[in-house]
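Below, each chain spelled out in residue letters.
2 protein chains.
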Amino acid sequence: MTRTVVESKTKTAVLGFDEPFCVIGERINPTGRKKLAAELEAGDFSTVEKDALAQVAAGATVLDINAGVVYNSNPNPNETEPPLMRKIVELVQGLVDVPLCIDSSVPGALEAGLEAAEGRPLLNSVTGEEERLELVLPLVKKYNVPVVAISNDDTGISEDPDVRFAVAKTIVERAADHGIPAHDIVVDPLVMPIGAMATAGQQVFALVRRLREELGVNTTCGASNISFGLPNRHGINNAFLPMAMGAGMTSAIMNPVALPVTQKKIAEKKAAVAAAGIILPEGMDDETFVQMFGLGSTKPRSGKEMEAIRAANLLTNNDAHGGEWIRFNKSPDEAAAGGAAGGRRGGGRRRRA
Amino acid sequence: MTRTVVESKTKTAVLGFDEPFCVIGERINPTGRKKLAAELEAGDFSTVEKDALAQVAAGATVLDINAGVVYNSNPNPNETEPPLMRKIVELVQGLVDVPLCIDSSVPGALEAGLEAAEGRPLLNSVTGEEERLELVLPLVKKYNVPVVAISNDDTGISEDPDVRFAVAKTIVERAADHGIPAHDIVVDPLVMPIGAMATAGQQVFALVRRLREELGVNTTCGASNISFGLPNRHGINNAFLPMAMGAGMTSAIMNPVALPVTQKKIAEKKAAVAAAGIILPEGMDDETFVQMFGLGSTKPRSGKEMEAIRAANLLTNNDAHGGEWIRFNKSPDEAAAGGAAGGRRGGGRRRRA
Numbered sequence: 043m044t045r046t047v048v049e050s051k052t053k054t055a056v057l058g059f060d061e062p063f064c065v066i067g068e069r070i071n072p073t074g075r076k077k078l079a080a081e082l083e084a085g086d087f088s089t090v091e092k093d094a095l096a097q098v099a100a101g102a103t104v105l106d107i108n109a110g111v112v113y114n115s116n117p118n119p120n121e122t123e124p125p126l127m128r129k130i131v132e133l134v135q136g137l138v139d140v141p142l143c144i145d146s147s148v149p150g151a152l153e154a155g156l157e158a159a160e161g162r163p164l165l166n167s168v169t170g171e172e173e174r175l176e177l178v179l180p181l182v183k184k185y186n187v188p189v190v191a192i193s194n195d196d197t198g199i200s201e202d203p204d205v206r207f208a209v210a211k212t213i214v215e216r217a218a219d220h221g222i223p224a225h226d227i228v229v230d231p232l233v234m235p236i237g238a239m240a241t242a243g244q245q246v247f248a249l250v251r252r253l254r255e256e257l258g259v260n261t262t263c264g265a266s267n268i269s270f271g272l273p274n275r276h277g278i279n280n281a282f283l284p285m286a287m288g289a290g291m292t293s294a295i296m297n298p299v300a301l302p303v304t305q306k307k308i309a310e311k312k313a314a315v316a317a318a319g320i321i322l323p324e325g326m327d328d329e330t331f332v333q334m335f336g337l338g339s340t341k342p343r344s345g346k347e348m349e350a351i352r353a354a355n356l357l358t359n360n361d362a363h364g365g366e367w368i369r370f371n372k373s374p375d376e377a378a379a380g381g382a383a384g385g386r387r388g389g390g391r392r393r394r395a
Numbered sequence: 043m044t045r046t047v048v049e050s051k052t053k054t055a056v057l058g059f060d061e062p063f064c065v066i067g068e069r070i071n072p073t074g075r076k077k078l079a080a081e082l083e084a085g086d087f088s089t090v091e092k093d094a095l096a097q098v099a100a101g102a103t104v105l106d107i108n109a110g111v112v113y114n115s116n117p118n119p120n121e122t123e124p125p126l127m128r129k130i131v132e133l134v135q136g137l138v139d140v141p142l143c144i145d146s147s148v149p150g151a152l153e154a155g156l157e158a159a160e161g162r163p164l165l166n167s168v169t170g171e172e173e174r175l176e177l178v179l180p181l182v183k184k185y186n187v188p189v190v191a192i193s194n195d196d197t198g199i200s201e202d203p204d205v206r207f208a209v210a211k212t213i214v215e216r217a218a219d220h221g222i223p224a225h226d227i228v229v230d231p232l233v234m235p236i237g238a239m240a241t242a243g244q245q246v247f248a249l250v251r252r253l254r255e256e257l258g259v260n261t262t263c264g265a266s267n268i269s270f271g272l273p274n275r276h277g278i279n280n281a282f283l284p285m286a287m288g289a290g291m292t293s294a295i296m297n298p299v300a301l302p303v304t305q306k307k308i309a310e311k312k313a314a315v316a317a318a319g320i321i322l323p324e325g326m327d328d329e330t331f332v333q334m335f336g337l338g339s340t341k342p343r344s345g346k347e348m349e350a351i352r353a354a355n356l357l358t359n360n361d362a363h364g365g366e367w368i369r370f371n372k373s374p375d376e377a378a379a380g381g382a383a384g385g386r387r388g389g390g391r392r393r394r395a
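In the order they appear, the protein sequences are chains L and D. Just so you know, we're using our numbering here: the first sequence kicks off at 43 and counts up by one. Just so you know, we're using our numbering here: the second sequence kicks off at 43 and counts up by one.
Keep in mind that the hints were calculated from the coordinates and are not lab data. Quick caveat: nothing in here was measured; it's all calculated off a predicted structure. Possibly wrong hints are sitting among the right ones.
Listed next, the stretches of chain L that the computed footprint assigns to chain D, with coverage defined by at least 3 CB atoms under 8 angstroms from CB atoms of chain D [stated by the list, open to error]: (1) 172–179; (2) 335–342.
Calculated from the model, a selection of chain D residues having no Cβ within reach of chain L, i.e. all distances over 10 angstroms [to be verified]: (3) Gly74; (4) Ser115; (5) Leu137; (6) Lys211; (7) Pro223; (8) Ala240; (9) Thr241; (10) Pro323; (11) Glu349; (12) Ala350; (13) Lys372.
Glycine is no exception: its CB is placed at the ideal position from the N, C-alpha and C atoms.
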């Protein structure tokens, strides 16, 4: 059986057909998060810390670390990303014990992350682009780590799933030339938005099955892409993840956290409550208010996608005796702390070659 | 392509690999519903009427009608069920326009339902039991209707999926001897509770795929069986349905309605609200209270399973351009009234042979 082993100093996450789904938390990434980018430039890591803790509490078993920020003070990421990557990796692994996924388009940042990470991190990513293959595969070999392989190449992202399969196959073959085994390649078959391409779901399910049966590799994806541009994105994601798991997908890069209710929503609800003639006691705090009126929580919580994944773990017989499902439904936080959705307390730290 | 056509006087529901999932509402069934059974014995059909309307509003495209009640006044269902079946069929088709599924273990009730139903109802069910085959298949032929085939036989329900597949194959062959085509057989591969059998999900997914690929038949199941005995059953069902659809399942017999909040829950919440020092305006009605405090609704609504099914319709490319998904997320009731989750406004009423 194909097993991809990812490790921190003390914990192991295994991607495999007979393993619980591996949830790779995507939040530590300044791309498209202006506020976070500005904080990082100012040396403020409080959001990174919060995101690390919240994602692990929600059930992430690996954390993706992307330091892809463009500073106002220095627009050259080749200079700024490597030290920032090192800093964030050190910070996060001092805070939580899950394995990391080192994510960058800047080669220097990949190497900085690999140097800083304890254990056996996942590298994110190689593509079928010639230059990228030549840059990344030697790093994969040197550090003896598994790598995410995204199925686009120098011609771009093909809409034809057969072409994307062929690109994945090429990457696996090129990796083999470097002495990297197929079980250390985690293919991302690329998820298109279903709103733009009606066959996007069917493509992914068919590709995942082929990748598993013909190449014997584990798979991952940016799960939320599927629902881009459509209403009720969570509703689509919640169905997509179990379907992908049923087809054989073994991990996803995603946000496991349900975002806390916003101040705006609280204010709107308070106005509606007042308009209905309901009188609140003086000094009621926001968390009590939010819970009493069914708005969720002011604190980040495990998202509905995590419920869907845990149910699918049960349905694919990757939750023996339903133990995790029962624990999760008693107390989501406790279950996550036990590494429910794919984590294992690792004894065996594997030394790199 | 395999298409199973079920019709009322004015509406058509099609089961097929390239059709939206067919939701067969299961609520009109006194089995295990003592209150409903007593009402029916007393000639009170108000619950049946409510269940019919609520299920169609929630998105059911076929309604199952089971009159399996044992009267206190007459314990012989062979005498009581046929007239009750006729009565309920007439009542329901006077109220809603979706096709019906005539469901009974009593042969006389099956025939009474077939006589009373307009259009082309689905018959529920035949099994691989010798006596049942000889009783039901002639009815299927005589009335030219499709039939649900449950994959157990005289030896009972096998835990071995290969045996269940063989039973389904036998039923299809026996039906062919009667001149009944495979596209009029809807196989129920039997869903076991995952809490009792860890491989129950994998069995169903593999069986559905085989039934589709090797026998070319449509499939259905009692979907909620999968979660029997476990906590948060809806969470399991919500993942199971998309996974089954991904494997090729084309319908399910299920409850599409989220039950309204109970008086008990309302009373508990009112106590909690008072304890928190919140003062309600005098005469606030229950529906306003329930909505204001995020308890849902006092009225029946479309259940979360319907959201999962609609998302899976989109992901299997059976919701062209996401039209139904977008409508549903604007206004669930309007979408259901348009026959969203599998219904079609039928022009062509097909006359029986």
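Right, here's what the structure says about each hint:
1. With 0 residues having a beta carbon nearer than 8 angstroms to a beta carbon of chain D, the segment 172–179 of chain L misses the requirement of three or more and the stated coverage is violated.
2. With 3 residues bearing a CB less than 8 angstroms from a CB of chain D, the segment 335–342 of chain L meets the requirement of three and the coverage assertion stands.
3. Separation of Gly74/D from chain L is adequate, the least Cβ-Cβ distance of about 24 angstroms exceeding the 10 angstroms criterion.
4. Non-interface status of Ser115/D relative to chain L is upheld: no Cβ of that chain comes within 10 angstroms, the nearest being about 44 angstroms off.
5. Listed as a non-interface residue, Leu137/D keeps its Cβ farther than 10 angstroms from every Cβ of chain L; the least gap is roughly 30 angstroms.
6. Remark: the non-interface label on Lys211/D is consistent with the geometry, its nearest Cβ contact in chain L lying 24 angstroms away (cut-off 10 angstroms).
7. Every Cβ of chain L is farther than 10 angstroms from the Cβ of Pro223/D; the closest lies at roughly 27 angstroms, confirming the non-interface assignment.
8. Separation of Ala240/D from chain L is inadequate, the least Cβ-Cβ distance of about 5 angstroms not exceeding the 10 angstroms criterion.
9. The claim that Thr241/D is not at the interface with chain L is violated, since a C-beta of that chain comes within 10 angstroms of its own (minimum 5 angstroms).
10. With a least beta-carbon separation of about 3 angstroms from chain L, Pro323/D fails to lie farther than 10 angstroms from that chain, contradicting its non-interface assignment.
11. For Glu349/D, the condition that its CB be more than 10 angstroms from all CB atoms of chain L is violated, with the nearest at approximately 5 angstroms.
12. In this structure Ala350/D is not separated from chain L by more than 10 angstroms, as the shortest Cβ-Cβ distance comes to only about 5 angstroms.
13. The beta carbon of Lys372/D sits about 8 angstroms from the closest Cβ of chain L, which is not more than 10 angstroms, so the claim that it is off the interface is violated.
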